[in-house]
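Taken in sequence, the protein lines are chains A and B. Numbering of the first sequence is given in UniProt numbering, commencing with residue 1 and proceeding in unit increments. Numbering of the second sequence is given in UniProt numbering, commencing with residue 1 and proceeding in unit increments.
In short, the hints are calculated from the structure, not lab data. Ideal Cβ placement from N, Cα and C applies to all residues, glycine included. Be aware that a few hints might be false.
Unchecked claim - Short, incomplete list of chain A residues facing chain B, as computed with Cβ under 10 Å:
#: 1; residue: Met66
#: 2; residue: Pro118
#: 3; residue: Gly198
Chain by chain, the residues:
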Amino acid sequence: MNQAAETLTDYPDLEGAEMLRVRNLNAFYGESHILHGVDFDVKRGELVTLLGRNGAGRSTTLKAIMNMVGRRTGSIVINGNETLGMKPHRIPRLGIGYCPEERGIFASLDVEENLLLPPTVRSGGMSIDDIYAMFPHLYERRRSQGTRLSGGEQQMLAMARILRTGARLLLLDEITEGLAPVIVQALGEVLVKLKARGMTIVLVEQNFRFAAPLADRHFVMEHGRIIEEIGAAELASRRDHLNTLLGV
Amino acid sequence: MTMIFGVPLAVFMGQLMLGLINGAFYALLSLGLAVIFGLLKIVNFAHGAMYMLGAFAALLGLQTLGLNYWLALLLVPLLVGGLGMLIERYMLRRIAHLDHLYGLLLTFGLALIAEGTLINFFGVSGSSYPTPTALQGGYNLGFMFLPIYRAWVLLAALVVCLGTWFIIERTRLGAYLRAGTENSALMQAFGVNVPQLVTLTYGFGVALAAFAGVLAAPLYPVSPTMGSSLLIVVFAVVVIGGMGSILGAVLTGLGMGLVEGLTKVYYPEAANTVIFLVMVLVLLVRPAGLFGKEA
Chain A
1 MNQAAETLTD
11 YPDLEGAEML
21 RVRNLNAFYG
31 ESHILHGVDF
41 DVKRGELVTL
51 LGRNGAGRST
61 TLKAIMNMVG
71 RRTGSIVING
81 NETLGMKPHR
91 IPRLGIGYCP
101 EERGIFASLD
111 VEENLLLPPT
121 VRSGGMSIDD
131 IYAMFPHLYE
141 RRRSQGTRLS
151 GGEQQMLAMA
161 RILRTGARLL
171 LLDEITEGLA
181 PVIVQALGEV
191 LVKLKARGMT
201 IVLVEQNFRF
211 AAPLADRHFV
221 MEHGRIIEEI
231 GAAELASRRD
241 HLNTLLGV
Chain B
1 MTMIFGVPLA
11 VFMGQLMLGL
21 INGAFYALLS
31 LGLAVIFGLL
41 KIVNFAHGAM
51 YMLGAFAALL
61 GLQTLGLNYW
71 LALLLVPLLV
81 GGLGMLIERY
91 MLRRIAHLDH
101 LYGLLLTFGL
111 ALIAEGTLIN
121 FFGVSGSSYP
131 TPTALQGGYN
141 LGFMFLPIYR
151 AWVLLAALVV
161 CLGTWFIIER
171 TRLGAYLRAG
181 TENSALMQAF
191 GVNVPQLVTL
201 TYGFGVALAA
211 FAGVLAAPLY
221 PVSPTMGSSL
231 LIVVFAVVVI
241 GGMGSILGAV
251 LTGLGMGLVE
261 GLTKVYYPEA
271 ANTVIFLVMV
281 LVLLVRPAGL
291 FGKEA
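Input sequences plus hints: build the corresponding full structure.
Put into structure tokens, the structure is as follows:
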């Protein structure tokens with residue numbers, strides 16, 4: 001079974017091919033209906049953002065892709081594989097790395113154990129040396145308990161550990177939330193490097209100034225659906241419109 | 001003769017040794033309970049029954065198949081552990097989304113069924129299991145007589161406890177287990193098959209109980225009720241140690257065995273209740289247990 005899932009995903013990494021296609025995605029937490037028909041797609045090597053106010057359904061969209069919410073309907077195609085009927089632990093094996101909003105650093109593991117924890121999902125992940133080169137702080141603190149790190153270091157760790165797994169599609173939820181500007185800037189540099197490595201990235205972001213220069217396209221969400229798509233080129237001319245949508 | 005607080009040294013050491021042996025069983029059983037509780041959040045009331053089944057499987061294996069002690073020590077935990085995995089897969093998993101109290105009730109029911117069924121066939125008087133030939137006799141250490149089998153039980157229990165600690169604290173599988181205990185949803189999002197991990201964990205915890213049961217067979221009468229009487233004390237040990245730590249479960253188990261043994265020397269009337277007294281004190285002073293993490 002595992003083998004079949006692996007071979008299905010072994011498409012050549014063609015620039016511009018579709019990595020993620022979400023169609024009419026509805027998601028429910030118990031009785032509450034959170035996503036109301038979300039549609040968007042992401043091409044290989046693209047960095048897109050999901051923007052919107054709190055409660056618009058951005059984090060839930062990422063969770064729904066990972067099958068971490070209750071019930072889902074619609075279609076989520078990753079690398080050509082329909083994943084709606086897949087068990088949660090099968091989905092990351094299609095080559096996805098997920099970084100949750102609360103960062104999810106494990107208190108009972110030290111930094112290096114946290115880093116080594118997620119199983120390899122595909123070949124071609126970064127080596128532990130590459131990761132320590134990209135995040136030197138983590139190397140210095142590799143024997144510390146995971147949750148003893150500062151907020152910024154925990155965020156770096158949460159990102160770093162999914163780079164080791166060979167994931168090619170990263171779903172990053174509010175990675176700059178509550179972090180100092182200098183750390184936000186460092187994270188931006190990391191994202192640029194990851195993009196240069198050909199990673200496909202979906203970024204849920206509150207900090208629009210952080211996201212704007214990095215992203216190829218922006219999707220604006222409201223009330224559990226995508227209401228607007230704005231390409232990087234249109235950004236300057238539509239800035240005011242976007243500010244209205246985001247309420248900033 | 002050397003006396004310690006008015007008690008002959010040989011008697012004192014003998015009781016200490018008995019206490020340590022009891023403590024070894026407390027440690028093995030509370031370890032399994034702690035491992036299961038960590039990942040499943042279920043208080044496994046069937047744990048005593050699994051210990052009893054371990055002893056019974058060894059006894060019946062010997063009587064019907066001529067299965068010797070050493071093979072039983074190896075095969076019975078696998079067999080009972082396998083039974084545990086079936087219980088998890090086909091019963092506990094079905095109710096995993098409900099309040100954990102239901103898991104407790106289910107395992108309690110299973111324990112009663114196992115006990116009742118065996119009482120029906122074998123009665124409650126108990127049978128004896130012969131001490132394996134290689135472990136018969138004992139050493140005279142000068143200050144006390146040390147039966148070889150008891151020394152072996154202590155050694156085997158310590159090796160298994162430390163082995164378990166090593167697996168959980170120092171290996172990748174153990175890291176999965178610890179992380180799964182904290183946040184199983186995220187572990188699934190990393191591609192770890194958590195349901196499978198849960199099944200294996202329950203099976204492993206139950207196998208530890210069965211291993212203890214085989215170890216106990218030559219020491220105590222093998223009877224359908226041997227598990228339920230022991231389990232009450234083990235729960236007290238778990239409360240004293242706290243659910244938080246593997247090493248805590250082992251140390252508390254051994255320590256409470258010693259406390260019990262010492263009480264037998266100086267005030268035998270209280271020997272059966274002293275652990276519960278300690279439990280009450282610990283609950284009053286440190287509700288999370290000696291090694292538990294304060295909430």
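Cross-check of the supplied hints:
{"no.": "1", "hint": "Met66", "result": "holds (5 Å)"}
{"no.": "2", "hint": "Pro118", "result": "holds (4 Å)"}
{"no.": "3", "hint": "Gly198", "result": "violated (21 Å)"}
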